[in-house]
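Going line by line, the protein sequences match chains A and B. Heads up: the first sequence at position 46 corresponds to 86 in this note's numbering, and the numbers run straight through without jumps. Heads up: the second sequence at position 89 corresponds to 135 in this note's numbering, and the numbers run straight through without jumps.
It is worth saying that the hints were derived from the structure and are not from the lab. None of these values were measured; they are calculated from a predicted model. Heads up, a few of these hints could be off.
With a Cα cut of at most 25 Å, we get these calculated DSS-like pairs of lysine-lysine [as the list claims (entries may be wrong)]:
#1 A:Lys54 with B:Lys62
#2 A:Lys43 with B:Lys54
#3 B:Lys54 with A:Lys54
#4 B:Lys196 with B:Lys248
#5 A:Lys79 with B:Lys241
#6 A:Lys79 with A:Lys54
Just so you have them, the derived chain A footprint on chain B, three or more residues with Cβ under 8 Å [to be verified]:
#7 221-235
#8 264-277
Over 10 Å on every C-beta distance to chain A, these chain B residues come out as not near it, computed from the model [what the hints assert, rightly or not]:
#9 Asp51
#10 Thr63
#11 His79
#12 Ile85
#13 Glu92
#14 Ser123
#15 Gly167
#16 Pro193
#17 Gly203
#18 Leu213
#19 Val239
#20 Gln251
#21 Asp255
#22 Lys257
#23 Asn280
Even glycine gets a Cβ: it sits at the ideal position worked out from N, Cα and C.
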Amino acid sequence: MAKVKGAIVVDTVKCKGCGVCVVACPTQVIDLAKEVNGKGYHYAYMENPDACTGCSSCSIVCPDGVITVYRVKVEN
Amino acid sequence: MDIKDIIKPENLVYKKTELMTDNVLSYCPGCGHGTAHRIAMEVIEEMGLTEDTIGVAPVGCSVLAYDFMNIDMQQASHGRAPAVATGIIRTWPDKIVFTYQGDGDLAAIGTAETIHACNRGENIVIIFVNNGIYGMTGGQMAPTTLPNMKSSTSPFGRDVETMGAPLKMTELVALLPGTNFVTRHAVHSPGHVRKAKKALRKAFQNVKDKKGTQLIEIVSNCNSGWKMTPVDSNEWMVENMFPFYPLGDIKVDGKIVKELH
Ligand SMILES: Cc1ncc(C[n+]2csc(CCOP(=O)(O)OP(=O)(O)O)c2C)c(N)n1
Ligand code: SF4
Ligand code: SF4
Ligand code: SF4
Numbered sequence: 041m042a043k044v045k046g047a048i049v050v051d052t053v054k055c056k057g058c059g060v061c062v063v064a065c066p067t068q069v070i071d072l073a074k075e076v077n078g079k080g081y082h083y084a085y086m087e088n089p090d091a092c093t094g095c096s097s098c099s100i101v102c103p104d105g106v107i108t109v110y111r112v113k114v115e116n
Numbered sequence: 047m048d049i050k051d052i053i054k055p056e057n058l059v060y061k062k063t064e065l066m067t068d069n070v071l072s073y074c075p076g077c078g079h080g081t082a083h084r085i086a087m088e089v090i091e092e093m094g095l096t097e098d099t100i101g102v103a104p105v106g107c108s109v110l111a112y113d114f115m116n117i118d119m120q121q122a123s124h125g126r127a128p129a130v131a132t133g134i135i136r137t138w139p140d141k142i143v144f145t146y147q148g149d150g151d152l153a154a155i156g157t158a159e160t161i162h163a164c165n166r167g168e169n170i171v172i173i174f175v176n177n178g179i180y181g182m183t184g185g186q187m188a189p190t191t192l193p194n195m196k197s198s199t200s201p202f203g204r205d206v207e208t209m210g211a212p213l214k215m216t217e218l219v220a221l222l223p224g225t226n227f228v229t230r231h232a233v234h235s236p237g238h239v240r241k242a243k244k245a246l247r248k249a250f251q252n253v254k255d256k257k258g259t260q261l262i263e264i265v266s267n268c269n270s271g272w273k274m275t276p277v278d279s280n281e282w283m284v285e286n287m288f289p290f291y292p293l294g295d296i297k298v299d300g301k302i303v304k305e306l307h
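Please construct the entire structure, taking both the sequences and the accompanying hints into account.
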């Protein structure tokens, strides 16, 4: 059966650490980093990358448009 | 599977549209303005209207919308965006013209311009971002502020007896013959973003077909003005703003589709 695997890339320089993507992700992939970026924001990152399906929910709610999403079909 | 094998150009499914510039948005973290800008630009790009569209920016937090929207833009004085848009569409009737306005801009200082443009049925899209407050100037009470809602000029809450009841501009303009499509949406969750985008697509198609005024309200947050975290402000919006400003279509194809009260 084909399965989908996804991954996101967050522009950590521009991310404002608002957390809107964290609650939008249906599979709890995202968390905010303990570290901060140059503006002092706790940027978003994939805490649980294996659970990402590449559904784009996070990217379409990100007010700053800083999430890029990739998705691939895996045959197993 | 290694993440490196997923992050490849051929697997790309979503990236920011090029109709949004690379400038860092001037909005507070989590503010719905950014999402509202982006979906409007995505719709214009997807519909192939990039070269033909002219936007009018307001006064308010989104005063710099022209720095973020990578299309032809004009900036209007406070509340005058529908009047400026009228001038543009009458000069170039084949252009696609939209305004982008906050509630202070559209429902306070710009009430006359809004109502008369809608009444004349100007062939424009009005994107109305309602966060129930004057965000830019420090969270003062707006005509749209909810009953009992605290703001910097109603610190004990909006007292309807002395301050009047909130103005539902969207329901009001739906009653005018010039409006063709009037609808209310939100952009805080993926499902809401998709629906709002669909409504914007319909509105832009309608002005392409010269059907008259389209008003898309987006109920949004002002986490700074409301003094909440972005995520809390979205929850507060769902609990408090949506019962008063219910989401959904109000007028479709020139016909009122819901009971107005
Ligand atoms: C003629 C004039 N009057 C008043 C102001 C001050 N002013 C700037 S923005 C604003 C309100 C903006 O609120 P809103 O339209 O709700 O937008 P938001 O900032 O919440 O997005 C006011 C009153 C102004 N710039 N020009
Ligand atoms: S929604 Fe966007 S800006 Fe906000 S934390 Fe997530 S990636 Fe950062
Ligand atoms: S693409 Fe979907 S699954 Fe992956 S992080 Fe974003 S919301 Fe979560
Ligand atoms: S003040 Fe309010 S409306 Fe303005 S950018 Fe901040 S959160 Fe958004």
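Against the structure, the hints:
With a C-alpha separation of about 13 Å, the suggested pair Lys54 (chain A) and Lys62 (chain B) falls inside the 25 Å cut-off, and the hint holds. Proximity of Lys43 (chain A) to Lys54 (chain B) is assessed by CA-CA distance (about 17 Å); at most 25 Å being required, the pair is judged to hold. The suggested pairing of Lys54 (chain B) with Lys54 (chain A) holds, with an alpha-carbon distance near 21 Å, which does not exceed 25 Å. With a C-alpha separation of about 36 Å, the suggested pair Lys196 (chain B) and Lys248 (chain B) falls outside the 25 Å cut-off, and the hint is violated.
At most 25 Å may separate the alpha-carbon atoms for a hinted pair to count; Lys79 (chain A) and Lys241 (chain B) exceed this at roughly 33 Å. The hinted pair formed by Lys79 (chain A) and Lys54 (chain A) meets the criterion: a straight-line CA distance of about 8 Å does not exceed 25 Å. Counting residues of the segment 221-235 of chain B whose CB lies closer than 8 Å to any CB of chain A gives 3, which reaches the minimum of 3, so the coverage claim holds. A count of 3 residues in the segment 264-277 of chain B with a Cβ less than 8 Å from any Cβ of chain A is obtained; the coverage claim is therefore met, three being the minimum.
Here Asp51 (chain B) does not stay apart from chain A, with its beta-carbon only about 7 Å from theirs, under the 10 Å limit. With 10 Å as the threshold on Cβ separation, the claim that Thr63 (chain B) sits away from chain A is violated: the shortest Cβ distance comes to roughly 8 Å. Not every CB of chain A lies more than 10 Å from the CB of His79 (chain B), the least distance being 7 Å, so the non-interface label is violated. Chain A draws Ile85 (chain B) into its interface by the beta-carbon criterion, the shortest separation being 8 Å against a cut-off of 10 Å.
With a least beta-carbon separation of about 13 Å from chain A, Glu92 (chain B) lies farther than 10 Å from that chain, consistent with its non-interface assignment. Once the 10 Å rule is applied to beta carbons, Ser123 (chain B) is consistent with being away from chain A; the minimum gap is 26 Å. Chain A leaves Gly167 (chain B) outside its interface by the beta-carbon criterion, the shortest separation being 32 Å against a cut-off of 10 Å. Distance check for Pro193 (chain B) against chain A: the nearest CB is about 27 Å away, which clears 10 Å, and the non-interface claim stands.
Listed as outside the interface, Gly203 (chain B) is consistent with that label: its C-beta sits roughly 27 Å from the nearest C-beta of chain A, beyond the 10 Å cut-off. Distance check for Leu213 (chain B) against chain A: the nearest CB is about 26 Å away, which clears 10 Å, and the non-interface claim stands. The Cβ of Val239 (chain B) does not lie farther than 10 Å from every Cβ of chain A; its closest approach is about 5 Å, which violates its non-interface assignment. Distance to chain A confirms Gln251 (chain B) as a non-interface residue, since its nearest Cβ pair spans about 21 Å, more than 10 Å.
At roughly 27 Å from the closest C-beta of chain A, the C-beta of Asp255 (chain B) stays outside 10 Å, upholding its exclusion from the interface. Listed as outside the interface, Lys257 (chain B) is consistent with that label: its C-beta sits roughly 28 Å from the nearest C-beta of chain A, beyond the 10 Å cut-off. Annotated as non-interface, Asn280 (chain B) brings its C-beta within 10 Å of a C-beta of chain A; the closest such distance is 7 Å.
The structure fails to meet hints 4, 5, 9, 10, 11, 12, 19, 23 from the earlier list, while all remaining hints are met.
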